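Visitor: Each chain, written out:
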Amino acid sequence: MVKKKQKQKIVLPPALPPEISEDEIEVSDEDLQFVNENRDYAGFVSRLDTDTITRHVSRVADLEGDDLEAAYEKRLGRKSQQKQEEEVRLQVDPVDALPVKTLDGKLYYRTLSNTSEKSENGRDADDEKDDSGADKGIVRLTKAERRAKLKKSKKEAKKQGKELGKTEEVQETPQAAVLAKVKEDLTAEEVFENKKLKLAELGIALLADPESNIKTLKEMLQFCKDDHAIVKLALLSLLAVFKDIIPGYRIRLPTEKELEMKVSKDVKKLRYHESTLLSAYKVYLQKLMVLEKRSKYQHVAVRCICTLLEAAPHFNFCENLLGAVVENIGSSDDVIRKLCCATIKSLFTSEGKHGGQATVEAVRLIADHVKAHDCQLHPDSVEVLLSLSFDEDLGKAEEEDKENKFRNKKSKKRKNNEEPSQLQENDRKKSRKELLTKMREEVAADYKAAAFTTDVKEQKRMQSETLSAVFETYFRILKHTMLSTTDSPEANDNLVANATGAHPLLAPCLNGLGKFSHLIDLDYIGDLMNYLKKLAGGDTNSNSSSERSSKYLTVSERLQCCIVAFKVMKSNLDALNVDLQGFFVLLYNLILEYRPGRDQGEVLAEALKIMLCEDRQHDMQKAAAFVKRLATFSLCFGSAESMAALVTLKYLLQKNVKCRNLLENDAGGGSVSGFVAKYQPYASDPNLSGALASVLWELNLLCKHYHPAVSTMASSISSMSTSHNQVYLSSISPQQAFTDLSLERELLNPKYDIRKSNSKRKKGSSKMTGGIDSSLDTSSADEDELKKKLSDHFVLLRDFKENGRLRSELERTTLALQLYDEYKKQKKKMSKNDRK
Amino acid sequence: MGETESASYLEDNNSEGALSVQNREIHIELEKKIKKLDRLKEKDPEFSNFLDSNKNRLKVSMDEENEISDEDESSDDGRELVNENGTATEMSMLLYTSAVDSLRHLVTEQQNVSAFTRLLNGYRAACHYGTESSNVLKDDLTFSKILMFVLHEADNIFRKLLGIQCSNERKDVILELKDTAKWKKLKPLIKSYLRSTLFFLNEVSDSEILAFTLTRLKASIIFFAAFPHLLQRLIKTSIHLWATGEGTLSLHSFLIIREVAAVFNSDCFDICLVKAYKAFISRCKFVEPVIFKRILFLKNSFVELCSLDVQKSSNKATVSIQQLAKILQLGLRTKKKEAVKKICSWQYANCIELWIAFISVNIHDYDLQPLLYMIIQIINGVAVLFPGPRYLPLRVKCVQWLNHLSSSSGVFIPVASLALDVLEYKIGKGGSKPGKDFNFSSAIKLPKHWLKSGNFQEECVFSAIELLAVHFAQWSYHISFPELATIPVICLRKFHEMTTTESSQRLVKRFIDQVEQNIEFVRKRRDEVAFSPRDQQSVESFLQLEKGSGNVPFTQYYRSVIEKSASRNLLTKKNTSYLELKKSKRKRQHSNNNVDVTVNGEVDYD
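If you read the sequences in order, they're chains U and D.
Each residue of the first sequence is one higher than the one before, starting from 1086 at the first, in the numbering used here.
Each residue of the second sequence is one higher than the one before, starting from 4 at the first, in the numbering used here.
Keep in mind that the hints were calculated from the coordinates and are not lab data.
Check the hints yourself; a few may be wrong.
According to the in silico footprint, chain U covers these stretches of chain D (three or more CB under 8 Å from chain U) [as the list claims (entries may be wrong)]:
#, region
1, 25-34
2, 49-55
3, 146-154
4, 210-217
5, 376-386
6, 479-488
7, 533-540
Pairs of lysine-lysine residues, derived as DSS-like cross-links and limited to a Cα-Cα distance of at most 25 Å, are as follows [said to hold, decoys possible]:
#, chain 1, residue 1, chain 2, residue 2
8, D, LYS550, U, LYS1912
9, D, LYS288, D, LYS239
10, U, LYS1789, D, LYS512
11, D, LYS278, D, LYS345
12, U, LYS1789, D, LYS527
13, U, LYS1354, U, LYS1328
14, U, LYS1917, D, LYS44
15, D, LYS38, U, LYS1886
16, U, LYS1909, D, LYS36
17, D, LYS278, D, LYS340
18, U, LYS1912, D, LYS44
19, D, LYS497, D, LYS512
20, D, LYS181, D, LYS194
So these bits of chain D aren't anywhere near chain U, every CB distance computed over 12 Å [unchecked claim]:
#, residue
21, ALA229
22, LYS278
23, ALA446
24, TRP453
25, ILE565
No experiment lies behind these values; they were computed from the predicted model shown.
All residues carry an ideal CB built from backbone N, CA and C; glycine is no exception.
Whenever a hint applies, use it, and build me the whole structure from the sequences.
Guide: Here it is as structure tokens:
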């Protein structure tokens, strides 16, 4: 009854009543009278649980602003908690109702303690509630976890209430026997619950006042040595606590000398606090490192490590954390790997938190990791490097600074020159001034150090360190790929099927090289180019073994190599002069090996764009060869590939006026035909193909292409004029063309609006596809047979009908016969009756 | 009790049907029991009284049950005619053979309407025989006579009475007549005839009777103009028979459908088309060599139906093809198992094939470019979605479809890379042990064990060569042929170097030689011309003369490859009859003079 009413009260907290203390409430006489008159109805007033109501109301009313909001948020949890609390009270009640026999044999009715206990109980639970709320607020974990935690805290509250009641009871009644009995009753589960409770309590206390409760960390750590479930909880709780109380600076433990020095009480306290925290943290981390190795706790441990690293990359022992994270970056477990990668990425992107130190460290560790695993890792582990960002203006700004300084000095000098007399005048003054400035500088330096802003030089150093580690990783991967493909072409015959699997790191490595191509040290570029060329598959001429070895890389990967090479060259254009001819030869042949389903068309399109459209050389022979090859290519492949090729082709023709001779059937190729007089379609070198002597007959067939876009493109190319230079360049890139025409997109929104199309008859011919009705003329031929069949049909139907009729008849007759028996019985009865 | 009557029936009829034997047994037992009962009755007259009172109760309940169920079945066909005609008394009269003959005479000689009415009543009873308890007909001769006569002559008589010419097959005639007195008089009769016939269609299962009835209904199809409700039933029935029936029956039903679609174009064409399409879809889920011919027939007939009104049917085709595209898109995007499974099925393949047939038949006369484009994209998508070696049959089919479309529409569809993919299927070196016999043509996906067999390698090479041969044959006289063949030749050369099997090496080598010959031929002729690629007209006329004569060695080679592939496919189809093989050969001989046409034929047969 009470419970019910209370529940209602809590569910609907109306507008909060004004903050008036109970004494201030004036009960008018009329009110009293009314209550007295209607005692029956007003009876509930006396039974109201004022305790709860006032608690509830005052609690909310006390809070203001944000607190109020938080209070409302908590309310939901509280509701249920209070409900449970009630349950607890109900559970406790029957126990209390029984008298307790003391050792002296007296029966002890605990009527008095009951109420006090209740109130105490309520208060405790209250505290707990509060704390659990705070707990919730701090530990921002995943939703599911939060939910689980909520549940747990509820349970905790419940159990705590119970337990408190019991302990209190124990305290109140000194009887040891009862205590033992009660303790025995606690099952293993309850022990677990108690531990949980204790854990929560400790954590909350720590969060509430870290300075004074720092010792409890050790206590909490004790839980980590327990069994399965509680360890997880302990780890997570500690994680929450550490996340909150770790200071924003790195703790340096005092040296012996410093310890000897006399310090104030505050400093002492601080020192104690710091050292305790640090040692606890150390123990915690050690525990984590141990647990991370055990599969049972791996997920939890890794999550803790990642969260800690993300939250406190500046703090002590960050290197250990980093090490653990990098160790797991290539884990085969998806969850762990994703977590670690995300952590590393966030380290890279938010360098402000740790001043870049952690970045350098992480990259270095990744490099070592890759080295240790011989490049056999998950691609994700290298892909994280892509989210690195390098500040290119770093060096420049410094230089500017230098210049400025220089200028300042100059001006100063000038100044000095201008006013030498003044200087001479007051030497003493000057020296004082100098002293002052010196002081100022010192202070500034101190401030700088304290303010944790690394200077440009330091940043630059770190950046270059990072870069060198990154490129070391990339080069290692390239080298490894190359070695594995060239050294043992025979050994991995069976690897053919999963070519990408053999070089898992190559793709992200190439991407990275492409992205950071402008940062590559010039000294390495020569080597890099050689690697790429070899990987792309053309280190030796038509040597069969090399050909076989290059098979282990897919066409896409080889194209990617070419693309990277060109990107590198483009971003370092001024600096070097490497011959890219080889890559053109490669591309010229790679085009032929492309297969639509197997290889990525996007890569091909990108290669076409970067290598052909953006090429700055004007080599007519080469351009013509590619024009011819692309035209041929588009005769064999799907519309998207064709379109990409045609776009490139058009671009090449627009850029190279003389190549437009290919559009004309000029006898003998005219004056432009190079030293190869006849076109060699099977040549593997574009320069030796003699494409200038050919004619682009392909366009005629392409005009008949089923795809309207391709056919219009082809006809527009064939109508290009040879004579004057067209200024207009097509704006669409091969990549764009490829994606525009890719199948998935085409299916989604077809070029034609089919519904509108008119499918009117083009010609007047009214041909019918005969063949079907010519073959039948069966109507009259077998009339007799038909008749016979019809009569058969009739007989069948009649028999069927007859069958049904006969059956029912039979049934009826049988029934009649059965009735006869009945009749006889009746008759007997009747005769009996008659006799009677 | 009519026991004596039934006894006489049984004695009359000495047919050997299982039912009649059973009937006789039951009858004997019945007689025994009746005799026993009679004896009891005689012995104890009181019992007979008692029996009467009780039996009535029993009998009533039984009869009631029967009646209720009867009423349910008979539905709207039941009693209407009686009311309409007002000749109920006549109807209940027994019809004997002699009476039927005389009535026939009256009707044919004098166009006696009342006699005809009686006949039609008899006809109705005959059609409903077995489902209704009327005793108009007493023997099988009368039954068949009435049915045959009415089915045969009703149409003519109606036409004579209404004054419509036999050859007139326009529904307007009926609609014009609608208000005349003549029509009003005859309307119930016509309705009764049509309705009874439709009812009869649902009752009979013998295909010949069905076929005959359908032909007669076809003759009087214009009368349906007045009864749209019956027309719907006719469509439904005939589509069902078209999809499920065998041989001629299916054919006759289709003729009805086509007739309906032609005569009632404005109202019923769409319905016919949609229903036929649905029926087709539900019938083509599996392809076995046995039902292969049927599906082919269904497909051809459906295309013919579509060709009646290309405008309308291309709208339907658009909707259907877009649906196919949507399914494919889902498959491409999600790669989920169910979606992919849906695409790699005979149903999907048959649908594509159906519309390909429709497009290729009509593309010359109509502007079906958008449909053509869509279906090509879908086929390309299917080919890309299933790259694995296990899907070899599907891939081959896709390329065949593309070749077929290309040759019928004259557009250029690049298939070389799709065909060359087949050569690059890499299977573990399982060895060359001959695999189990496997029907290549009736599968869309190969069983795993087959991949390791030597047959598979061979099949790949064969398929690639055949597909390329068809492709090249089409463009062998085109000015761009040398370029078209460049990349395939490069690939084939590489394959030739790599392959270890001697037979396929030889095959490929021969193919390369022929293609190079072709290339050389075209190039030489091309060098002689003076026009540029820009000059489309001259390009079109290039080598057209030579194409007509077609006696160049490489053309003959292509032809031989294509023919061989056809016969090869036929051989693998173990279950197909010898007759079919012969037929297809004949067909090929017919169209031998033109390679392209042959190609069409082959694609149909795959």
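Visitor: Now tell me, hint by hint, if it's right for this structure.
Guide: Now for the hints, and whether the structure bears them out:
| no. | hint | result |
| --- | --- | --- |
| 1 | 25-34 | holds (count 6) |
| 2 | 49-55 | holds (count 4) |
| 3 | 146-154 | holds (count 5) |
| 4 | 210-217 | holds (count 4) |
| 5 | 376-386 | holds (count 8) |
| 6 | 479-488 | holds (count 6) |
| 7 | 533-540 | holds (count 6) |
| 8 | LYS550/D / LYS1912/U | 107 Å, violated |
| 9 | LYS288/D / LYS239/D | 21 Å, holds |
| 10 | LYS1789/U / LYS512/D | 30 Å, violated |
| 11 | LYS278/D / LYS345/D | 22 Å, holds |
| 12 | LYS1789/U / LYS527/D | 23 Å, holds |
| 13 | LYS1354/U / LYS1328/U | 21 Å, holds |
| 14 | LYS1917/U / LYS44/D | 23 Å, holds |
| 15 | LYS38/D / LYS1886/U | 24 Å, holds |
| 16 | LYS1909/U / LYS36/D | 18 Å, holds |
| 17 | LYS278/D / LYS340/D | 30 Å, violated |
| 18 | LYS1912/U / LYS44/D | 15 Å, holds |
| 19 | LYS497/D / LYS512/D | 11 Å, holds |
| 20 | LYS181/D / LYS194/D | 13 Å, holds |
| 21 | ALA229 | 25 Å, holds |
| 22 | LYS278 | 19 Å, holds |
| 23 | ALA446 | 21 Å, holds |
| 24 | TRP453 | 18 Å, holds |
| 25 | ILE565 | 21 Å, holds |
Hint compliance for this structure: hints 8, 10 and 17 are broken, all remaining hints hold.
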